[in-house]
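Chemist: Residue strings, one per chain:
2 protein chains.
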Amino acid sequence: MERLLGKQDAKGPEQRLHELAPVRVAIEAVSPEINGGRFPAKAVVGGSLQVEADIFCDGHDKIDAAVLYRVVGDKEWNEAPLRFHDNDRWRGEFPIERQAPHEFTIIAWRDLFATWRDEVRRKIEAGQQVASEIKEGAHLIGQAAAGERAKDAGEADGLAELAEQLGAADDEATRLALLRSDRAAALYSRGGPRTSLTRYATTLPVWVDRPKAAFSAWYEIMPRSQSDDPERHGTFDDVIARLPYIRDLGFDVLYLPPIHPIGRVNRKGRNNSLHAGEGDPGSPYAIGSEEGGHDAIHPELGGFDGFARLVDAAAQHGLEIALDFAIQCAPDHPWIKEHPEWFDWRPDGTIKFAENPPKKYEDIVNVHFYRGALPSLWYALRDIVLFWAEHRVRIFRVDNPHTKPLPFWEWMIAEVHARYPDVIFLSEAFTRPKMMKRLAKVGFTQSYTYFTWRDTKQELTEYLTELTRTEARHYYRPNFFVNTPDINPYFLQHSGRPGFRIRLVLAATLAGNYGVYNGFELCEAAAVPGKEEYLNSEKYEIRAWDWDRPGNIREDVALVNRLRRGNPALHDFTNLEFYNAWNDHILVYGRRAADLSSFVLIAVNLDPHNVQGADFEVPLWEFGRPDDASIGVEDLITGDRFTWRGKVQNVELDPQVRPYAIWRLIAEEGVP
Amino acid sequence: MERLLGKQDAKGPEQRLHELAPVRVAIEAVSPEINGGRFPAKAVVGGSLQVEADIFCDGHDKIDAAVLYRVVGDKEWNEAPLRFHDNDRWRGEFPIERQAPHEFTIIAWRDLFATWRDEVRRKIEAGQQVASEIKEGAHLIGQAAAGERAKDAGEADGLAELAEQLGAADDEATRLALLRSDRAAALYSRGGPRTSLTRYATTLPVWVDRPKAAFSAWYEIMPRSQSDDPERHGTFDDVIARLPYIRDLGFDVLYLPPIHPIGRVNRKGRNNSLHAGEGDPGSPYAIGSEEGGHDAIHPELGGFDGFARLVDAAAQHGLEIALDFAIQCAPDHPWIKEHPEWFDWRPDGTIKFAENPPKKYEDIVNVHFYRGALPSLWYALRDIVLFWAEHRVRIFRVDNPHTKPLPFWEWMIAEVHARYPDVIFLSEAFTRPKMMKRLAKVGFTQSYTYFTWRDTKQELTEYLTELTRTEARHYYRPNFFVNTPDINPYFLQHSGRPGFRIRLVLAATLAGNYGVYNGFELCEAAAVPGKEEYLNSEKYEIRAWDWDRPGNIREDVALVNRLRRGNPALHDFTNLEFYNAWNDHILVYGRRAADLSSFVLIAVNLDPHNVQGADFEVPLWEFGRPDDASIGVEDLITGDRFTWRGKVQNVELDPQVRPYAIWRLIAEEGVP
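Taken in sequence, the protein lines are chains V and H.
Quick note on the numbering used here: the first sequence kicks off at 119 and runs consecutively.
Quick note on the numbering used here: the second sequence kicks off at 119 and runs consecutively.
This is chain V alone, in the form it adopts within the complex:
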């Protein structure tokens, strides 16, 4: 919608006319515009925001357009050009130089001098006289020289000089040449009036995060399992001892499930059994006991000093700690006594356990967010996040946000961001697609996805197309987890080591953010029979892992994380492009920097059991080269360099050797 939003109301025709008349250029279908501007698009500092709009005007006049942008609160607008693309669609971009909320809108105008140039060119080409047109052109320059915009833009002198030269010129040919010169066009463009200047009615918000919001590699561990001894509860210091290993794998986020005291009432036993045995540690998601709740640390992990040591040590290893934010409470969480008004009670006076009939979860109770819980619970929960932010945690993985009210998240995340704009919230919602997207709209920085269950070429192509080609790309940042403590994917249960390598490469190179839960690099796949759950899950017991287990894929993990870091094309997931490969098991895709300075091409054999080969298309056209041209290639795994001649190449991938290939295409090399 353009500036005027008036409806056909009781206003007089004259008032209505004078409201409508100035809005002569149509500006619509602006992108990114999320829910009419209700929610911000997302960007990262150091990047830029691509902007598009349909822009057109009556008649045949030339128009021009720009995007206005600024940091929210700044007085002045900055301007970046929009360029005509196709079918009345205009495109441009503006840089994001500060990590602060931005806003933008679109302006467009009729360019009388460009119209003049175009008409004169067509008349001259048809051999028509243009004496009258020359006078008109000189008049336009004279007007521009005297105009407000010439002064504001510092072009008044240049335009006046041109006008003077036009007046002094002896003959029509000289005047025509002056008027048709690039100099005249540039002067008018910079300093000429913007006729029929129209501004889009809505100012659209942009939320700006730090780069890690869009590009991060997560490693998830249960701290209590880091002692390498199943009989001894791990501590933060045990985690510190593990940091070199995790750094060497190349991760940059170390994510810990809840570290709070675990409830004793109705505690779950091993393998999710209803009754805990002697010494069973319980699920860390059953939060709270007489030892404290969400702002306490499980005593056996070590106290706040230990936690501070861990945060420091992690930073020294290039790792940032991410904590879990899980709102449910164990039945012995202190809040239940302190704030009975936050919980649901049955008619017999007992508390209502969490349930999804007929399933019951008797080791946890849910809060409700309204009635007596509004607003006190909202403040309390916000303060929990602020509490951990004060303990230098800036990344939160949020458990099951889709079962808590959307307005709570919108409010709480804004509250935290007002104080800590660098906080990253990862939404752990595996639910209906529109709810998952809405959580991203209301503020979640990153989101879990269905990647975990997308195995085939068609599934991956369709899902990634939805994520990278629809409006969701502007607000929904996928975090591709290959596994989680809750998800031992069927594919991995039956794929052997090749399957783990396949899924690793897909996750790490299809998305900007990805994550693994420890054990993945060891190809751990033992499952509760018939279920996507890990056998002897760490959720219910302390495990010890053999980090050097034979057949591990630590080298692959370190490799892909190194390549991710070193190739800028892999830093923005929206640049993904799939290419033809004539085998349904071979997925070929590319990621490119806009200026082609970084171009990574990846081929993955999706079949973990068989050698697969395929002819595939090298996107020479993206380098503006014909199908028979050649291009320089670096094998990013071996470092070898060679040349591909022609658009169609062949790849054969043996899952037992290496089910993937990663190449860099080199723009400067191999031109035919």
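Warning: the hint list may mix true and false statements.
Identical copies carry no separate label here, and so any pair may be met within one copy or between two of them.
Said to hold, decoys possible - In silico BS3-like cross-links for lysine-lysine, where the CA-CA straight-line distance does not exceed 27 Å:
#	residue 1	residue 2
1	LYS765	LYS330
2	LYS575	LYS269
3	LYS253	LYS765
4	LYS477	LYS253
5	LYS649	LYS765
6	LYS477	LYS649
7	LYS330	LYS269
8	LYS241	LYS470
9	LYS470	LYS269
10	LYS180	LYS765
Just so you know, the hints here were simulated from the structure itself, not pulled from any lab data.
Keeping the supplied structure of chain V fixed, place chain H upon it in accordance with the hints.
Modeler: Chain H alone, transformed into the frame defined by chain V:
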């Protein structure tokens, strides 16, 4: 966007919390919503408006939703239910009972009793105890009985009675049966509280037209060519004499190009020659001479009395007169002297003729709409339309609206509609698609289309899918002209009589509105060589037609117009569905009333030169029948009735015999 549009501004956290918290249900992607509600969707009185929205809420609770609607200005809202469709999409409709602007919005809420019923069902199916749930259910009923909404809805007594019965019941089984009864569900649905009631933030406008806006058949003639004598200028009385012919063809709109005095300066001669010969009448689009301008009638047509006679006589023949509204002026139009400020002048003081370099149109000059023309010209043009409306013209075909400012149309059409809400404006814009659509958004009732150049199965399928399946369906009402005085389509130039029959049936049955320019029914195709223009065009000379010319297709025209009128399925173009036919020359499509009471199936051979046959799919599935079922069919051309057995049938269409078939599928007949 839901109710709250607040941005993250300086408001305190508490204020923000209390703004956000009540908006618990997400309502988004509402349809129809044109440019965020900036423009109205369109409907016709006697019809209904289909409404859709994505609606969802946190957690697993059941929700319900409704559309609120009213005539603009009414105090009370009416309510119609929305039903869950799929993937969080909800659908419903509301009736349009008055020809007046409407507005609507969406509400949604959590239905606690429906949630209760669902959970209890699942627990009972799992054999769990529900004693506590029965108490909770009774509590919900008691609450509902005492609630505001029960009183407002007149359900307080019913709910109180149910609550009493629950209290009096002897045993759990009786109470459970009462609570799970349909009666309890209905009472709660009608009178129970609407928890977390959320309302969409925007109230969306709907423009309501009379039915002819969406369903009309136009016949275009040049009045001066109706004398049947090329030497005698036709009059309105000659047109009156032609009315029985036009009525018998079955049209309901008789459209006349401009009837105003024609300029003498630079008048065009026959076949668009630059200089008119003695007695050449000139183009009626070169409007205005010393005899008057847009509010005058060309003297040779007869005066206002004659025009009034024509309007009356047309009405008696079931025809409504449509006039042309063409804003350009001949160089001798009175306005040029009276209002030089409305026109563009060259540096030498001469007027600027219309041009699109290198083309020049020296018999017309264009007005401009700004500078000295704002607002006086806008008022003058509005008053021209009002002038003809006062002379009982309620349909205007508007010439080249895309070369005049969009704000002018938006203002002018609203001004006219404020006085004459029954006026229909047809946009004659053949330009870029987004401009054509925007003209429909700003107020044009009907629009010319690219149908005229869509001949093949793929072209027709793609174009009609765009018109009937995208957002455009809500505001863009196509009027499929098979030809115009300006367009003698190449297809018709080479197709012979079969081609005319093909294009007639396509236009008349693919769109609600369609039109023919006279001569089409006579299969006139003589062209200026190499151009899509008629030879000896009526635009520049008086013609006489042989209305009984051999090979005419008057019977086809009368037939399709009769079938259009008699089959309600053909009245709403958005119900179009294409069906499989295994021949690229055979197009099979259906139009159906929502309740299946009217179902027309059409097969057209798009090849005018050869017999074509095809197996095609009868859409038995739309009647809920299996592929091997049968269905009753009426051949609407012959009136024969028969039965098709099985989904796949065959049709063979000989263009020399009849290149189309039109059937009615009869829901009641032929069930297997």
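Chemist: Would you mind marking each hint as holding or not holding in the structure?
Modeler: Results of checking the hints against the structure:
For the homomeric pair LYS765 and LYS330, neither the shortest alpha-carbon distance inside one copy (35 Å) nor that between copies (57 Å) is at most 27 Å. In this homomeric assembly, LYS575 and LYS269 never come within 27 Å of each other (Cα to Cα): the closest approach is 59 Å inside a single copy and 58 Å across copies. For the homomeric pair LYS253 and LYS765, neither the shortest alpha-carbon distance inside one copy (54 Å) nor that between copies (72 Å) is at most 27 Å. With identical chains, the CA atoms of LYS477 and LYS253 are at most 27 Å apart between copies only, with a shortest distance of 20 Å across copies and 84 Å within one.
Taking the shortest alpha-carbon separations for LYS649 and LYS765, neither the intra-copy value of 44 Å nor the inter-copy value of 43 Å comes in at or below 27 Å. Taking the shortest Cα distances, LYS477 and LYS649 sit within 27 Å of each other inside one copy (16 Å), while across copies they are farther apart (75 Å). In this assembly of identical chains, LYS330 and LYS269 lie within 27 Å of each other by CA distance neither inside one copy nor across copies; the values are 43 Å within and 55 Å between. Taking the shortest Cα distances, LYS241 and LYS470 sit within 27 Å of each other only across copies (15 Å), while inside one copy they are farther apart (83 Å).
For the identical chains of this complex, LYS470 and LYS269 are neighbours neither inside a copy (72 Å) nor across copies (32 Å), given an alpha-carbon limit of 27 Å. When the C-alpha separation of LYS180 and LYS765 is checked against a cutoff of 27 Å, the pair qualifies neither within a copy, at 39 Å, nor between copies, at 55 Å.
Violation of the numbered hints given earlier is confined to hints 1, 2, 3, 5, 7, 9 and 10; the remaining hints are satisfied by the structure.
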